[in-house]
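Visitor: Each chain, letter by letter, is given below.
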Amino acid sequence: MQLLVNLKKYFVVWFLIICAVFVNANTINAQKLTPLLKTSENDLSAFNVEQLKTLIKDYNTKSVSPDEATREEARLIRNRLIATGIDQIDANFNNFQRKDRKKREWLQFLLDFLEIGASTAISITNGERAKSLISEGLGALQGSRTSLNKNFKLLERQIIINKMVADRAKILALILGKLNEDVSQYPWESARSDLRNYFNAGTIDSALSNLSTSTGKEAFDAEENVRFIKGQPLTTAATSTDRDLAKNSRPIKDALKKNLGDESKKADALAKLQKIVKILEEDTDIRKLLQDKDVTSSTDNGIKIYEALRDIIDDQSSRGKRNIVGKINKAFIDVGN
Amino acid sequence: MPDQKTQFYQSGDMNSVQTLEDTCNTDEFNILDGSRLQSLDTVNVDGKKATEAVYQADDDHTGLGMLIIEEYTDNDDADEKIDASNNSFLFKGKAYIKTVSTNVLVFRQ
Chain A
1 MQLLVNLKKY FVVWFLIICA VFVNANTINA QKLTPLLKTS ENDLSAFNVE
51 QLKTLIKDYN TKSVSPDEAT REEARLIRNR LIATGIDQID ANFNNFQRKD
101 RKKREWLQFL LDFLEIGAST AISITNGERA KSLISEGLGA LQGSRTSLNK
151 NFKLLERQII INKMVADRAK ILALILGKLN EDVSQYPWES ARSDLRNYFN
201 AGTIDSALSN LSTSTGKEAF DAEENVRFIK GQPLTTAATS TDRDLAKNSR
251 PIKDALKKNL GDESKKADAL AKLQKIVKIL EEDTDIRKLL QDKDVTSSTD
301 NGIKIYEALR DIIDDQSSRG KRNIVGKINK AFIDVGN
Chain B
1 MPDQKTQFYQ SGDMNSVQTL EDTCNTDEFN ILDGSRLQSL DTVNVDGKKA
51 TEAVYQADDD HTGLGMLIIE EYTDNDDADE KIDASNNSFL FKGKAYIKTV
101 STNVLVFRQ
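Line by line, the protein sequences give chains A and B. The letter at position 295 of the first sequence is residue 295 when you use our numbering, and the numbering goes up by one with no holes. The letter at position 55 of the second sequence is residue 55 when you use our numbering, and the numbering goes up by one with no holes.
Think of the hints as simulated: they come from the structure by calculation, not from any bench. A few of these clues could be false.
Cut-off 25 angstroms, straight-line C-alpha distance, at most; resulting in silico cross-link-like pairs (SDA-like, lysine to any residue) [as the list claims (entries may be wrong)]:
no.	chain 1	residue 1	chain 2	residue 2
1	A	Lys247	B	Phe89
2	A	Lys258	B	Gln56
3	A	Lys327	B	Gly65
4	A	Lys178	B	Lys48
Build out the structure end to end from the sequences listed, making use of the hints.
Guide: Right, dumping it as structure tokens:
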């Protein structure tokens with residue numbers, strides 16, 4: 001009699017587990033590759049196919065132009081394509097996450113419900129592998145759950161999703177950091193490759209293969225609660241040499257600026273600034289920056305020269321071009337006031 | 001020329017408080033034709049951690065002392081360091097040091 005009761009009990013348990021397995025199996029769906037990432041020219045975004053066809057054609061023409069302004073247009077087109085790709089991938093991923101969470105939560109509730117009275121319910125804790133969470137001595141159901149988890153990694157699902165979120169955030173940061181790069185340095189083809197990586201980072205296979213001993217806190221760190229700012233350049237740290245060049249050139253600059261406003265001293269100040277520009281013109285990058293401001297060593301307007309150098313220092317400091325700033329400061333020091 | 005400028009320092013670049021100090025001193029001398037650091041904060045710029053440093057233009061930079069930056073753990077620690085310092089305390093801020101958000105005190109020498 002007791003045997004019959006036990007058999008009936010275990011049959012119910014196994015029946016429910018088999019149902020759970022069947023439902024869970026449907027959650028593991030391969031994510032389809034978003035159309036923008038396919039290499040076939042016929043497979044473009046479902047959002048606005050014709051517009052994207054036109055954009056890509058326009059990009060292909062403009063990206064190889066010798067004219068800088070045209071290549072700049074190509075850069076903007078590339079960035080627009082990137083934004084579209086990110087938008088599609090995010091939409092796919094968010095949809096996947098929602099579907100997965102609902103089914104996962106339902107399964108956990110079912111399994112926990114069947115273990116009412118057990119000493120320790122199995123709980124999902126970020127950063128802990130399934131094996132470490134499975135406690136011992138809970139009977140047949142626990143044994144069943146062990147094999148179930150081993151096959152389907154139920155309790156690792158949150159860890160996997162955390163990993164996907166963190167990996168996606170890192171790759172997105174990488175892509176966004178390249179938006180200011182010229183199309184010759186970061187062509188659309190490279191951007192598309194990065195977008196494929198971004199897409200893949202949101203897949204279970206990628207997360208499992210990349211999963212390390214890092215905890216679920218990684219996802220939180222990647223999305224810290226700080227102010228979000230868009231479209232500003234990041235700059236680099238300065239060295240003690242940069243600091244000393246900046247410090248020692250400051251009084252020379254201040255004196256030259258002051259002398260430009262003094263009728264008896266402005267000619268001398270102009271001569272010194274022209275000499276500084278002549279030194280800097282030997283550097284190809286700095287010569288181009290000066291030419292963009294219509295300044296050469298022949299420029300006879302001291303204020304124009306001074307302001308051009310000031311603005312170049314400001315701009316290059318923001319872009320992490322500390323070597324250029326250092327050269328300008330050194331030229332000020334070498335010529336003196 | 002604007003009277004204020006903001007720099008965004010890459011979090012991975014700042015490997016020590018000393019490096020942050022050197023960077024802020026460099027930028028005070030360089031940008032806006034001489035400026036003063038107003039604030040330091042941790043932000044996210046296009047998905048990347050960064051330290052935001054706001055500089056105010058300063059017409060008279062002559063004789064201005066260098067910035068001194070120190071790390072602190074909590075408010076008690078901050079109060080102790082401020083009291084013990086011979087330098088002028090400017091403000092409390094946050095910065096990424098080795099990509100970790102760090103509380104800092106900024107003084108003027």
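Visitor: Now tell me if each hint is right for this structure.
Guide: How the hints compare with the structure:
Pair hint Lys247(A) plus Phe89(B) holds up; C-alpha atoms about 21 angstroms apart against a cutoff of 25 angstroms. Annotation: proposed proximity of Lys258(A) to Gln56(B) holds, straight-line Cα distance about 20 angstroms (limit 25 angstroms). Of the pairs offered as hints, the one joining Lys327(A) and Gly65(B) holds, with about 24 angstroms between alpha carbons and a cut-off of 25 angstroms not exceeded. Restraint check for Lys178(A) and Lys48(B): satisfied, since their Cα atoms lie roughly 12 angstroms apart, inside the 25 angstroms limit.
The structure shown violates none of the earlier numbered hints.
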